[in-house]
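Going line by line, the protein sequences match chains A and B. If you count the first sequence from 1, position 391 lands on 391 in this note's numbering, and the numbers rise without skipping. If you count the second sequence from 1, position 383 lands on 383 in this note's numbering, and the numbers rise without skipping.
Hints listed in this document are in silico derivations from the structure and should not be mistaken for laboratory results. Since this is a predicted model, take the numbers as computed values, not measurements. Misleading hints may appear alongside valid ones.
When chains are identical, the list treats them as one kind, so a pair holds in a single copy or across two.
In the SDA-like style, the derived pairs of lysine to any residue whose C-alpha atoms are separated by at most 25 Å in a straight line are [as the list claims (entries may be wrong)]:
#1 K377 to E13
#2 K52 to T64
#3 K125 to F7
#4 K63 to R28
#5 K334 to M1
#6 K9 to R118
#7 K185 to E312
#8 K145 to V200
#9 K11 to H269
#10 K77 to A179
#11 K214 to I248
#12 K9 to K275
#13 K125 to A356
#14 K97 to N78
#15 K55 to F7
#16 K54 to L6
#17 K280 to N140
#18 K275 to Y221
#19 K11 to N190
#20 K54 to I192
Chain by chain, the residues:
2 protein chains.
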Amino acid sequence: MRYSLLFPKTKKEAPKDEVSANAKLLIRAGFIDKLMAGSYTLLPLGFKVSEKIKKIIREELNKTGAQELLMPLLHPKNLWNETGRWEDAKEIMFQFKKDDKEYALSFTHEEIVMDLLRKHISSYKDLPLKVYHFSTKFRNELRPKSGILRGREFLMKDLYSAHTSKEDLMDYYWQVARAYLKIFKRMGLNAIITDAPGGVFTDEITHEFQVPCKVGEDTIYTAPNWERAKNEQILTENDKKAAGLKQIKSIEVGNIFPFGTEKYAEKMHGQFTDKNGSKKNVWFASYGIGITRLIGTLAEVFHDDKGIMWPESVTPYQVHLVHIEDPGTEPRVKEVYEKLTDAGIEVLWDDRDVSAGQKFSDADLIGIPVRLVVSKKTGEKIEFKKRSEENSELLTLEEVINKLK
Amino acid sequence: MRYSLLFPKTKKEAPKDEVSANAKLLIRAGFIDKLMAGSYTLLPLGFKVSEKIKKIIREELNKTGAQELLMPLLHPKNLWNETGRWEDAKEIMFQFKKDDKEYALSFTHEEIVMDLLRKHISSYKDLPLKVYHFSTKFRNELRPKSGILRGREFLMKDLYSAHTSKEDLMDYYWQVARAYLKIFKRMGLNAIITDAPGGVFTDEITHEFQVPCKVGEDTIYTAPNWERAKNEQILTENDKKAAGLKQIKSIEVGNIFPFGTEKYAEKMHGQFTDKNGSKKNVWFASYGIGITRLIGTLAEVFHDDKGIMWPESVTPYQVHLVHIEDPGTEPRVKEVYEKLTDAGIEVLWDDRDVSAGQKFSDADLIGIPVRLVVSKKTGEKIEFKKRSEENSELLTLEEVINKLK
Numbered sequence: 001m002r003y004s005l006l007f008p009k010t011k012k013e014a015p016k017d018e019v020s021a022n023a024k025l026l027i028r029a030g031f032i033d034k035l036m037a038g039s040y041t042l043l044p045l046g047f048k049v050s051e052k053i054k055k056i057i058r059e060e061l062n063k064t065g066a067q068e069l070l071m072p073l074l075h076p077k078n079l080w081n082e083t084g085r086w087e088d089a090k091e092i093m094f095q096f097k098k099d100d101k102e103y104a105l106s107f108t109h110e111e112i113v114m115d116l117l118r119k120h121i122s123s124y125k126d127l128p129l130k131v132y133h134f135s136t137k138f139r140n141e142l143r144p145k146s147g148i149l150r151g152r153e154f155l156m157k158d159l160y161s162a163h164t165s166k167e168d169l170m171d172y173y174w175q176v177a178r179a180y181l182k183i184f185k186r187m188g189l190n191a192i193i194t195d196a197p198g199g200v201f202t203d204e205i206t207h208e209f210q211v212p213c214k215v216g217e218d219t220i221y222t223a224p225n226w227e228r229a230k231n232e233q234i235l236t237e238n239d240k241k242a243a244g245l246k247q248i249k250s251i252e253v254g255n256i257f258p259f260g261t262e263k264y265a266e267k268m269h270g271q272f273t274d275k276n277g278s279k280k281n282v283w284f285a286s287y288g289i290g291i292t293r294l295i296g297t298l299a300e301v302f303h304d305d306k307g308i309m310w311p312e313s314v315t316p317y318q319v320h321l322v323h324i325e326d327p328g329t330e331p332r333v334k335e336v337y338e339k340l341t342d343a344g345i346e347v348l349w350d351d352r353d354v355s356a357g358q359k360f361s362d363a364d365l366i367g368i369p370v371r372l373v374v375s376k377k378t379g380e381k382i383e384f385k386k387r388s389e390e391n392s393e394l395l396t397l398e399e400v401i402n403k404l405k
Numbered sequence: 001m002r003y004s005l006l007f008p009k010t011k012k013e014a015p016k017d018e019v020s021a022n023a024k025l026l027i028r029a030g031f032i033d034k035l036m037a038g039s040y041t042l043l044p045l046g047f048k049v050s051e052k053i054k055k056i057i058r059e060e061l062n063k064t065g066a067q068e069l070l071m072p073l074l075h076p077k078n079l080w081n082e083t084g085r086w087e088d089a090k091e092i093m094f095q096f097k098k099d100d101k102e103y104a105l106s107f108t109h110e111e112i113v114m115d116l117l118r119k120h121i122s123s124y125k126d127l128p129l130k131v132y133h134f135s136t137k138f139r140n141e142l143r144p145k146s147g148i149l150r151g152r153e154f155l156m157k158d159l160y161s162a163h164t165s166k167e168d169l170m171d172y173y174w175q176v177a178r179a180y181l182k183i184f185k186r187m188g189l190n191a192i193i194t195d196a197p198g199g200v201f202t203d204e205i206t207h208e209f210q211v212p213c214k215v216g217e218d219t220i221y222t223a224p225n226w227e228r229a230k231n232e233q234i235l236t237e238n239d240k241k242a243a244g245l246k247q248i249k250s251i252e253v254g255n256i257f258p259f260g261t262e263k264y265a266e267k268m269h270g271q272f273t274d275k276n277g278s279k280k281n282v283w284f285a286s287y288g289i290g291i292t293r294l295i296g297t298l299a300e301v302f303h304d305d306k307g308i309m310w311p312e313s314v315t316p317y318q319v320h321l322v323h324i325e326d327p328g329t330e331p332r333v334k335e336v337y338e339k340l341t342d343a344g345i346e347v348l349w350d351d352r353d354v355s356a357g358q359k360f361s362d363a364d365l366i367g368i369p370v371r372l373v374v375s376k377k378t379g380e381k382i383e384f385k386k387r388s389e390e391n392s393e394l395l396t397l398e399e400v401i402n403k404l405k
């Protein structure tokens, strides 16, 4: 991709109404644009990051036997009434009336999945069921101020599973937990599994995936003899006296909820017939990962004072090719661009007629992990520099391709 | 994919509240599920079809230099007020108030793109701009009864372009028209470009892509000496007297709108500075393709009394492998499944413990273009039959793979 054609270009100044590093960096570098408080467009660079994140999640969830589908965003009131959440979650849901019908916008999809399930599942042979989608969620956050870490509208992956027994549910639950750790690890994030309360979702203990980060809205606690970390809300007076207690600021990038049979299956008649012919409630769970929140988390965790530093697995392009416009170097940079592209490497080529200084500072701001320079000085070689390192080296095109593949 | 694990299975009966063939077939075969009037879940099979459609559209639009992004679905009233469409499109839009703020759900995105553009475009050097996304649209259809041909909530690809001149806009406009014809052709659909009025979008003549279909909601007219077909609404008294006039029932699968400068750019100050330093309004256009509507159109156009007949380019799986459970054939069907999968062929393997008759009728209903049978009778060979043909042939596994690659 020629940078001259990419929409839009970097900005010198961060918008004055943003306070978070993630929003400032992602807006300046051209990854997102703010439509209104808590609502952002994923611009072409940001969209590419979201697609790479989705690909990693798909790969890991498909391995657990989960199937992808896509559920609607506009929901009828009656389904939300069956579980009582039309009232219980009134604060956070966007609810409205049109032509005498009442609707809610999706803030989650448990009721929708349970409705699907009761229509299509009859026997124990139809279980377990594991379905997920990537879709938009709407939550009426009162004062969103953390950029894309907390939005009124955001992208989420939500997975739902239904089982014939508690044992089968918990087996799968921890299988998903391990898949989540792997997903975050593949993006360079070390998530900590944390015990937490279930909010409007469940009265059971649930688990959050927390990434340590100084600006995180959450606080978690760890102690050497605890199996898992604990969320602030769940901490008892006794816990506070634990030996070696550590307090960590963090961002919640995922959460998993082992509902059991009561809150959803029983209220909505999500049932199956067991081997003996009796009707039983399904054992139900749900599992979320915030996609846009992950983009924000990556920007918070991986940046320096010059800009973002994308992990290789989710970078919008693998290489940022900077051309210093010395006379006679044009054919060479074209050749480099084409050979890299032919080798299957995703290249952002800064072909603009601007100063070398601006190109270098834009490359640092955008944060692609490898910067290549072609200029008179580099001659037949190419300057190769990692975004995360100070030193550069001169390599042949072949050596560059070998390093990148 | 083992069919025993796929969610959900086929249904014997079509739901009584559906009248359209597309909804009846797609629901019975397990591609979609109805949440409420005009709103459907894309189940795993339907989701796969939508992903294949998206891939074709992406490939053709990227060739025109368009860039993919993702815009929000919840919009602030103020942007819709700038063009007057908050009032003009009140009937079709879902508008609501929450905590004293007024919102609309996306029924289209012209205002959102124009807002993006005026924030990020300044010079003629930043144009043309060509951006698109796949996203959800909400329209308050009063009596949706055509299955997924017309929904209250549906998936759409919308592309927007902005240019420095009318000439550049119209060049690109017809380039997109050609890309559209190619997109539909790749799915086996012969779309007819049709002159039409612009509705709440524009006063200009616009163009629809109409696929002939007996149950289509639209009627178009062609005549041998007309350059293009005409939509019913645009037909004059004079047109009705044309020699060789033909009336065709059809489904609108795409539309393109050459707005010009007035309706959006002028009202919303979408401007650029030209080579002489003067401010000019951008020349603007938008281009839509209904993704869920295309799935419905394909089901309407490609079915017989036994079920759906997917074109190869958008089928959820390439091959439906039916195993007749004769003793001793189990290792062979596993081998066939694995070798096909290893060869990169997408296989739906009916491994259920049900009768051969049910497997065959389910295969016809689901409509995957190739059916393979492994049984005692087929021995070392495999029965190969196209969904669209009566005859089958016995082939070796190698021959099957060669035919499919």
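Against the structure, the hints come out as follows:
| no. | hint | result |
| --- | --- | --- |
| 1 | K377 to E13 | neither (32 Å within a copy, 74 Å between copies) |
| 2 | K52 to T64 | both (19 Å within a copy, 23 Å between copies) |
| 3 | K125 to F7 | between (51 Å within a copy, 12 Å between copies) |
| 4 | K63 to R28 | neither (37 Å within a copy, 28 Å between copies) |
| 5 | K334 to M1 | within (12 Å within a copy, 44 Å between copies) |
| 6 | K9 to R118 | between (50 Å within a copy, 13 Å between copies) |
| 7 | K185 to E312 | within (12 Å within a copy, 38 Å between copies) |
| 8 | K145 to V200 | within (22 Å within a copy, 36 Å between copies) |
| 9 | K11 to H269 | between (54 Å within a copy, 20 Å between copies) |
| 10 | K77 to A179 | neither (34 Å within a copy, 41 Å between copies) |
| 11 | K214 to I248 | within (8 Å within a copy, 65 Å between copies) |
| 12 | K9 to K275 | between (62 Å within a copy, 20 Å between copies) |
| 13 | K125 to A356 | between (65 Å within a copy, 19 Å between copies) |
| 14 | K97 to N78 | both (13 Å within a copy, 21 Å between copies) |
| 15 | K55 to F7 | both (23 Å within a copy, 21 Å between copies) |
| 16 | K54 to L6 | both (22 Å within a copy, 22 Å between copies) |
| 17 | K280 to N140 | neither (36 Å within a copy, 39 Å between copies) |
| 18 | K275 to Y221 | neither (44 Å within a copy, 60 Å between copies) |
| 19 | K11 to N190 | neither (31 Å within a copy, 45 Å between copies) |
| 20 | K54 to I192 | within (21 Å within a copy, 36 Å between copies) |
Checked against the numbered hints above, the structure breaks hints 1, 4, 10, 17, 18 and 19 and satisfies the rest.
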